[in-house]
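The hints should help you fit chain B onto chain A, whose structure is shown.
Protein chains in written order, with this note's numbering: chain A, 29 to 436; chain B, 3 to 314.
Careful: at least some of the hints might be erroneous.
[Said to hold, decoys possible] Partner residues are not named here, just some residues of chain B that face chain A (Cβ under 10 Å, in silico): (1) G109; (2) M125; (3) V126; (4) T176; (5) I227; (6) T258; (7) K263; (8) A270; (9) T278; (10) D299.
Read the hints as simulated data drawn from the structure, not as lab findings. Cβ atoms here follow ideal geometry from the backbone N, Cα and C, with glycine treated the same way.
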Amino acid sequence: MKIHEYQAKALLAARGIAVPQGRVATSPAEAVDAARTLMAATGVPVVVVKSQIHAGGRGKGRFLEYPDLGGVNVVLEGRGGDAEAAEARVQALAERMLGSTLVTLQTGPEGKLVQRLYVEQGVDIQRELYVSVVLDRSVGRNLVMASTEGGTEIEEVAAATPEKIVREEVDPAIGLAGFQARRLAFALGLQGEAFSRGVAFLIALERAATELDADMVEINPLVVTGAGEVLALDAKMSVDQNALFRHPDVVALRDLSEEEPAEIEASKYGLSFIKLDGSIGCLVNGAGLAMSTMDIIQHVGGSPANFLDVGGGATTENVTAAFKIITRDPNVKGIFVNIFGGIMRCDTIANGVVAAVRDVGLGVPLVVRLEGTNVELGREIIEGAGIPGLVSASDMKDGARKIVELTR
Amino acid sequence: MSRFVDVHTRVLVQGLGKVGQFHTDKAIAYGTNMVGAVHPGRGGSHHRFEGESDASGVPGRPARYAVDLPVYDTVREAVAATGANASVIYVPPAGAADAIMEAAEAGIPLIVCITEGIPVQDMVRAKRYLQGRATRLIGPNCPGVITPQQCKIGIMPGYIHRPGRVGVVSRSGTLTYEAVKQLTDVGLGQTTAVGIGGDPVNGTNFVDVLAEFQADPETEAVILIGEIGGSAEEEAAAWIEKHMTKPVAGFIAGTTAPPGKRMGHAGAIISGGQGTAAEKIAALEAAGVVVAPTPTDMAAAVQQAMRQAGIL
Numbered sequence: 029m030k031i032h033e034y035q036a037k038a039l040l041a042a043r044g045i046a047v048p049q050g051r052v053a054t055s056p057a058e059a060v061d062a063a064r065t066l067m068a069a070t071g072v073p074v075v076v077v078k079s080q081i082h083a084g085g086r087g088k089g090r091f092l093e094y095p096d097l098g099g100v101n102v103v104l105e106g107r108g109g110d111a112e113a114a115e116a117r118v119q120a121l122a123e124r125m126l127g128s129t130l131v132t133l134q135t136g137p138e139g140k141l142v143q144r145l146y147v148e149q150g151v152d153i154q155r156e157l158y159v160s161v162v163l164d165r166s167v168g169r170n171l172v173m174a175s176t177e178g179g180t181e182i183e184e185v186a187a188a189t190p191e192k193i194v195r196e197e198v199d200p201a202i203g204l205a206g207f208q209a210r211r212l213a214f215a216l217g218l219q220g221e222a223f224s225r226g227v228a229f230l231i232a233l234e235r236a237a238t239e240l241d242a243d244m245v246e247i248n249p250l251v252v253t254g255a256g257e258v259l260a261l262d263a264k265m266s267v268d269q270n271a272l273f274r275h276p277d278v279v280a281l282r283d284l285s286e287e288e289p290a291e292i293e294a295s296k297y298g299l300s301f302i303k304l305d306g307s308i309g310c311l312v313n314g315a316g317l318a319m320s321t322m323d324i325i326q327h328v329g330g331s332p333a334n335f336l337d338v339g340g341g342a343t344t345e346n347v348t349a350a351f352k353i354i355t356r357d358p359n360v361k362g363i364f365v366n367i368f369g370g371i372m373r374c375d376t377i378a379n380g381v382v383a384a385v386r387d388v389g390l391g392v393p394l395v396v397r398l399e400g401t402n403v404e405l406g407r408e409i410i411e412g413a414g415i416p417g418l419v420s421a422s423d424m425k426d427g428a429r430k431i432v433e434l435t436r
Numbered sequence: 003m004s005r006f007v008d009v010h011t012r013v014l015v016q017g018l019g020k021v022g023q024f025h026t027d028k029a030i031a032y033g034t035n036m037v038g039a040v041h042p043g044r045g046g047s048h049h050r051f052e053g054e055s056d057a058s059g060v061p062g063r064p065a066r067y068a069v070d071l072p073v074y075d076t077v078r079e080a081v082a083a084t085g086a087n088a089s090v091i092y093v094p095p096a097g098a099a100d101a102i103m104e105a106a107e108a109g110i111p112l113i114v115c116i117t118e119g120i121p122v123q124d125m126v127r128a129k130r131y132l133q134g135r136a137t138r139l140i141g142p143n144c145p146g147v148i149t150p151q152q153c154k155i156g157i158m159p160g161y162i163h164r165p166g167r168v169g170v171v172s173r174s175g176t177l178t179y180e181a182v183k184q185l186t187d188v189g190l191g192q193t194t195a196v197g198i199g200g201d202p203v204n205g206t207n208f209v210d211v212l213a214e215f216q217a218d219p220e221t222e223a224v225i226l227i228g229e230i231g232g233s234a235e236e237e238a239a240a241w242i243e244k245h246m247t248k249p250v251a252g253f254i255a256g257t258t259a260p261p262g263k264r265m266g267h268a269g270a271i272i273s274g275g276q277g278t279a280a281e282k283i284a285a286l287e288a289a290g291v292v293v294a295p296t297p298t299d300m301a302a303a304v305q306q307a308m309r310q311a312g313i314l
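Bound-form chain A, shown alone (with noise of 0.2 Å):
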């Protein structure tokens, strides 16, 4: 699951890593008064405003309604000490960048709609560092990885100078070691006071990261000050979706503005849907099976509207509610049911199948292709319920070949 940027650094900031100063607001009212609230405070007469998404590239990326409006804006006007000048700025920023729609390299040209903003202090940044938390799957442990290349995609890096990019494995039983991260300070090259408050930060980030149960963080810049502080100026989480259970303070995070209503709407039912661009819609059991069939239908020349498991536990209410959410879909021009019966037997399948179709009716061409458990009763179900426009498949390339053809 992921989170916005300053819900991360509130996560972080309550286990003790050092983060600047900000707060949240989803008004132009509400931005001045932060930003007011953040320069007397802090004593910084500069303040930062920043679009919260779920999408990576904030800064470089563009306003569909403000062709020459950033993601990210840091509002200089209060240097002088004219703190009204600052805040007529940031009313101005706020009342733009709030419902408008921000694209970035990570939104799709589609963009992402602004609905909250981080209003946050300046900081006098002396260097960009990197920093992450990730697992490292072909040894099955977290990895810290640090960088001297802040303020990059670490991709880049990795692609461009991957002897740049430092890393320690870290021992689940003992968490990041002093040695460890004393070892990353000295490649990031901090000194001084820096040095002792970077290794206190990647410790304490890595156990945040473990203790959260979080699939990823990112501290993409971590910044020195001309203080010597070490700071989190970005912060990029999502948390494990299989540990919520045990983190009910990071489930009240959901941001379901950010997600497709239609995953929402499948993920009530223990769905796995991920919805796509193309006209045929897929409904199958297990994930490996869901995956290829998708790429079968794109090998015979047609395109997958979704990605749906319906899962190995799956009842007749569950692929009724996942035919719905196919139907639902104007693109789909053709559906495509792909079972095999493992656990999953083929007459659950035919009967959530035929039930769909007698509630929501059939305007689509329909191709079912049963094997496994139960396939001639499950066929013996479809081909009873005399659907029109139904077509059955001796396998999965047969079946793909039909709707595509038929979709034609």
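Okay, now just chain B, sitting in the frame of chain A:
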């Protein structure tokens, strides 16, 4: 124990809830030697399983079975009482990693964890706990392991399997069934089918299973079924190139998967441009693996690989 499980495998089930009961019944029907159950709080009781034997399972059994399976509170007690040498875990996600560690601590040499949805950090700790212990973990989030007509541990439908010549190893449950059924239909059958699971942190990887198949005299060819995410397929390709003398076919799911999205399995995600299907297919092909273009062609790919090796 040859190829993980055979007729001598004595199996415990951990977690005798609804799912555990259902699949324990199917395993007994197949002829798997289920020797006991562990369900904390129900120790000292027995659970009755009875029904019609699965005709596709272990041959030479009566048409019906009736078993009173003894239930224990702890794995240690169960091992002491039954001499179990394998365990299958159906414990719900929050307690599953703990169940793995309990079985390892009790000295069980083979643990098969079916549970889907275990927190990653729980598996990181469990994997650390297994280090230095003589225990193999298969899974989690997997269909299990089967040696046809000898031993079925897990949730796969038994009847699609036939004893035969091909070793099957896969990250996906349903794609394993697709491959198994095709191999049965073309008359090649399987030596053993192993699901290594769809989670990012698992106990046994492709390389471990490939080594087992390479060493097994009955396995003549192998099919490896992978998917997007991680680098297990690339590691397998490197191992195949160096050590594998038997023909290998493959299939990779997720060519059309968008980056940054988890495709059903927790481990099936392209992150930071890494773990794409194209990279994996290229790595396997470079290692001489015959990669099937679609799942419908998996048995055909095995046949092609066997023909190229002159054994078909």
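Structure-based check of each hint:
1. G109: Constraint on B:G109 not satisfied, violated at 21 Å.
2. M125: Hint on B:M125: holds, closest Cβ of chain A at ~7 Å, below 10 Å.
3. V126: holds (5 Å)
4. T176: Holds, because the Cβ-Cβ distance from B:T176 to chain A comes to roughly 3 Å (cut-off 10 Å).
5. I227: Because about 7 Å separates B:I227 from the closest Cβ in chain A, which is inside the 10 Å limit, the hint holds.
6. T258: Hint on B:T258: holds, closest Cβ of chain A at ~5 Å, below 10 Å.
7. K263: holds (5 Å)
8. A270: holds (6 Å)
9. T278: At 12 Å from the nearest chain A Cβ, B:T278 fails the 10 Å test, so the hint is violated.
10. D299: Since the shortest Cβ distance to chain A is 8 Å, the answer is holds.
Of the hints listed earlier, those the structure fails to meet are numbers 1 and 9, in rising order.
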